[in-house]
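Undergrad: Residues per chain are reported as follows:
Protein chains: 4
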Amino acid sequence: MTAGNGAEPIFDVAQLAHAEILTPDMEGTLWFFKELIGLEETERRGDSVYLRAYEDWYHHTLKVTKASRPGLGHVAWRTTSPQALERRVQAIEAAGLGEGWHEGDLGHGRAYRFRTPDGHPMELLWEVEYYRTPAEAKTKLINRPQRRPLRGVPVRRIDHVNLLASDVTQNRQFLTDVLGFRLRENIQLNNGKEAGAWLSVSPLVHEIAFMMDQTGSRGRLHHVCYWYGYPQHLSDIADIFSEVGIKIEAGPGKHGISQAMFMYVIEPGGNRVELFGDAGYLIFDPDWKPITWHEEELDKGIIWFGSPLPAEFFLYGTPPVEVAEPAHADD
Amino acid sequence: MTAGNGAEPIFDVAQLAHAEILTPDMEGTLWFFKELIGLEETERRGDSVYLRAYEDWYHHTLKVTKASRPGLGHVAWRTTSPQALERRVQAIEAAGLGEGWHEGDLGHGRAYRFRTPDGHPMELLWEVEYYRTPAEAKTKLINRPQRRPLRGVPVRRIDHVNLLASDVTQNRQFLTDVLGFRLRENIQLNNGKEAGAWLSVSPLVHEIAFMMDQTGSRGRLHHVCYWYGYPQHLSDIADIFSEVGIKIEAGPGKHGISQAMFMYVIEPGGNRVELFGDAGYLIFDPDWKPITWHEEELDKGIIWFGSPLPAEFFLYGTPPVEVAEPAHADD
Amino acid sequence: MTAGNGAEPIFDVAQLAHAEILTPDMEGTLWFFKELIGLEETERRGDSVYLRAYEDWYHHTLKVTKASRPGLGHVAWRTTSPQALERRVQAIEAAGLGEGWHEGDLGHGRAYRFRTPDGHPMELLWEVEYYRTPAEAKTKLINRPQRRPLRGVPVRRIDHVNLLASDVTQNRQFLTDVLGFRLRENIQLNNGKEAGAWLSVSPLVHEIAFMMDQTGSRGRLHHVCYWYGYPQHLSDIADIFSEVGIKIEAGPGKHGISQAMFMYVIEPGGNRVELFGDAGYLIFDPDWKPITWHEEELDKGIIWFGSPLPAEFFLYGTPPVEVAEPAHADD
Amino acid sequence: MTAGNGAEPIFDVAQLAHAEILTPDMEGTLWFFKELIGLEETERRGDSVYLRAYEDWYHHTLKVTKASRPGLGHVAWRTTSPQALERRVQAIEAAGLGEGWHEGDLGHGRAYRFRTPDGHPMELLWEVEYYRTPAEAKTKLINRPQRRPLRGVPVRRIDHVNLLASDVTQNRQFLTDVLGFRLRENIQLNNGKEAGAWLSVSPLVHEIAFMMDQTGSRGRLHHVCYWYGYPQHLSDIADIFSEVGIKIEAGPGKHGISQAMFMYVIEPGGNRVELFGDAGYLIFDPDWKPITWHEEELDKGIIWFGSPLPAEFFLYGTPPVEVAEPAHADD
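Line by line, the protein sequences give chains A, B, C and D. So for the first sequence, the working numbering puts the first residue at 1; every next one is plus one. So for the second sequence, the working numbering puts the first residue at 1; every next one is plus one. So for the third sequence, the working numbering puts the first residue at 1; every next one is plus one. So for the fourth sequence, the working numbering puts the first residue at 1; every next one is plus one.
It is possible that part of the hints are untrue.
When chains are identical, the list treats them as one kind, so a pair holds in a single copy or across two.
To be verified - Heads up, simulated DSS-like pairs for lysine-lysine below, C-alpha to C-alpha not over 27 angstroms straight-line:
| hint | residue 1 | residue 2 |
| --- | --- | --- |
| 1 | 140 | 300 |
| 2 | 34 | 138 |
| 3 | 193 | 289 |
| 4 | 300 | 34 |
| 5 | 300 | 193 |
| 6 | 66 | 138 |
| 7 | 34 | 66 |
Everything labelled a hint here was simulated from the structure, so no lab data went into it.
Kindly produce the complete structure, drawing on both the sequences and the hints.
TA: Here it is in structure tokens:
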């Protein structure tokens, strides 16, 4: 971003605004998100239910839509200004990946639709509707949009999305070059391929990551992540998941990459959800050099300590696909 | 910042680069920072010792300089680009608060000196020297600049500075209007005065705060803050402080303002140091409306739960001043 | 207990079985215990509701009974065997403090009633009824009697009771000499009076404490304590208490005495409840010499770090009494 | 223990006093225990170094002795009284497993030597020497024998030993019948064999466990465990282990059995060490019915959540033995 060519960084994208996931089991998915990890339901319309964590300020950060198969609906980004929105739309159109404006949805105004090179649906927007706190949910902690829920072990805010891509490099370059994301960390294999990339527009290590889809599929979702900020809450919710029969795929543990205390679970609709248990590390250096993990460092990068990732972690995404023959995690 | 007038936000200041504090007791101050909270010494020159936390990437984040009285040396900010540096220098000069360029110091290149309206010395810079990790301190966690120290309960990185000011409004306006900081939270008294303001250039609630100096003094330091990120470490270091006789002024506890798990101690040189025990909350909304705490909400704002702040917290700063007559915390 | 005279220790009392508290606000008290700190209701009869924490194995550990004023109903101890019960009943009768057998209550068989010298009602019993887990609450964690509740921030088990006494020494000697408790820690004032005593029949520092009642009253309750075991949960529930308006009297903080991470709140019925946030320390030494805190050590004994105790902590108990003139915490 | 036959429980053994381990790498072993997990060295004599954690009250809880191979030196238990010692010696002699009195060691008086049926060397003693705190280590927290060390991430006290046994049932019966231990939890295989047993003389779930030695060896050590009491410290020390190259065999994670937050590492001398990160659960019920894990429940019993145990966990012990053919964890 702060390239050797002296160009200044782009500050046009501000944040991950929301994600939409698809579920064939709306009841199960809502039970997971509302009763176990404490999301709040804001509104319903048609086949969709709009949810947010108790420290999310907007109308929703998760839209759950009924579908025949699990997967990604879309990812929405908010820009830093109306002008920034116009600039980025122009850049997307120049890149040939734009799909045009739509008139908005519950919770936000008009948005510009586009796709990543891999085909993941995204949108860019400026106008958002803030959550309107009902009287009984108001708190004296006035920098919190509502009271902490008394259900389950409630997450605090949306954190990031992780997408599978047939070509990591192509997709992350689209984000850096066209949208102004910074590459924070990546994985470089000995065969020259980039196996993963973590990018952000803020001091977070990532609001989005791309990981190589070893099934060769395009446009799939790896996971959506909500944030606790405290490691104890991973133990608390792991305890509950084990009791109610939610499959913990991996964790709690600590990634080397991003230094995140992680846990991965599969929600009843089939989508993978990550729960993030601490602050990770934050990047304030405006001239950050991406951290590249090579194969010989990768074990520690994937798991710094704690629970390993099963092979499935590197194959399963939504929508699920048939895997013709067993792929290898280290291919 | 994202004012109703449609002007775009300024993204020219990137981060708190380092702070300099003055100490009449160099040995005691170094014992505190190195042996108890685990800072690493990078270098010494003249009357100064340069320190950093183990997750700080630059040459130093704390410069400790011998002096007859404790207090603030200066605060240094890094810009987002060389061009941004030039722009902000022009703005400072236009505001009449510039003092000119100096040729740099250990750990960074040339820097532009200026003062806040209250007289706190500051500097703005682009060129920094990164910490060079000695072989024995290298870690396989390659996104961490060195191994975690085995001494005391080591902090992870610098977080923010808090300055006392004779006029909070004037000083925070200088930061927002001239340097592009965003006002995140503030305290508005019934008498119309602003008693405190928390500002940032990143999703952190603050890299800097101003609090009203009730002694009427100008340019004093309230505290420098280092960050743990985990609440347990506040208990751990509190245990040690109580054993070795370091005065814990307040905490562990949780502020309403900024939602920080805090602890305040006075280091042997006389300066107040805050240790920050969790992630607080982060602000990603590019159109953030400042949270204003009025007098009737202030109790919860100051202490959401846990240890109260003693009257001294609102009076003591460095250098210390004679207090003619007892001021009241709620004046 | 392991007295210099060579007598062997008594092992006849095994544990705190349950406590009964009185409340003038049954609805409020149940809301507090069930919705906020997650107790489970087992049964109701007459004016009483029987509750237990999710890791309590018996029918109940808390009996809440409607009354005109808050206070202590009784404290029940389980012996280590039927024979031990008989021996202790004889000892109590010999001490002249017995009141006789009663036919039991929901959750346990016949019990022997007695009073402390100060008049606190107690009972001793052997036969207990175990909690019968309904199918939907069964967990694969078979050493846990039921699933962790999804309501509030649930406590795990009863920990101890703390009683106010007009004469600490007399009451704790009754427990050590007649019932076989061990004195673990106490407070010795310069005027020769014992201001507090912590006693146990297990490695816990206390299942019961006596503190001097500075109002001169007899037989009052200071608090009942439930146990979390993790410090984070004190922050979690403090957050909730602050939001819903439950008064946090003190904490989270750490006592020197017993090394407990504590928090004290007043439940809506008026009784003080302590929530214990870690493991404290455990005493395995069979020849333990009581730790005596003298006045010059007492500040650190009461608060090792964190939130101080307000004057009210040393005066308020249930039932509340009129305090003719302000007593001093350090009298 | 509280058998249906109406016999009263035995209360003669009070606690695990200390363990002795053998090391072929004294320097490495001491570096691990002193610099990383913060044990204090009390004394040296001959080929042995005596260590204790900062909350251990006696002269030592770990004796490290130079030897050609790693393994168990012995395990020492303290009785609840001198009379209890005599009673248990008689019982051991009656069982034919006694080896006679020896005149004591640094840190304790005369001790009676015996072996488990599997051959693990043990001793029983009453007279102990308390740690004498040097002036500079004294703390105002007078219920703590010394200040918390500033080295590494210091453990607080010894917790338990885990021994491999060719016949679990025979060994645990020796402990329950002859020494008065209570069986708390065990594993019952479908083939009728008992694969593990956890026993204690206190509310801890275990001061000792036996696990089936799948290599058919006798008298081996599986691990010695020290206790942190806080989950965060497992993350802290895991971070350090990963940096300095200490192999983390498993964890952090949570066992179903004993509900312990665990981590297992191999110290440089080759012995496995467990670090215990929370309070687990405590057993106060004097009539406790052992929790039996059958094969169909065993997965959750071994790992409730987090890091799985590698096959090696079930095979490796000290001294190491040649494994003729790969055994299976689930044999």
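Undergrad: All the hints need checking, so say for each whether the structure fits it.
TA: Here is what the structure says about each hint:
1. 140 with 300: between (43 angstroms within a copy, 7 angstroms between copies)
2. 34 with 138: both (19 angstroms within a copy, 22 angstroms between copies)
3. 193 with 289: Within one copy, since 19 angstroms is at most 27 angstroms while 44 angstroms is not.
4. 300 with 34: between (34 angstroms within a copy, 26 angstroms between copies)
5. 300 with 193: within (19 angstroms within a copy, 39 angstroms between copies)
6. 66 with 138: Neither, since 31 angstroms and 32 angstroms both go past 27 angstroms.
7. 34 with 66: Classified as within: same-chain Cα gap 16 angstroms, cross-chain 35 angstroms, threshold 27 angstroms.
The structure fails to meet hint 6 from the earlier list, while all remaining hints are met.
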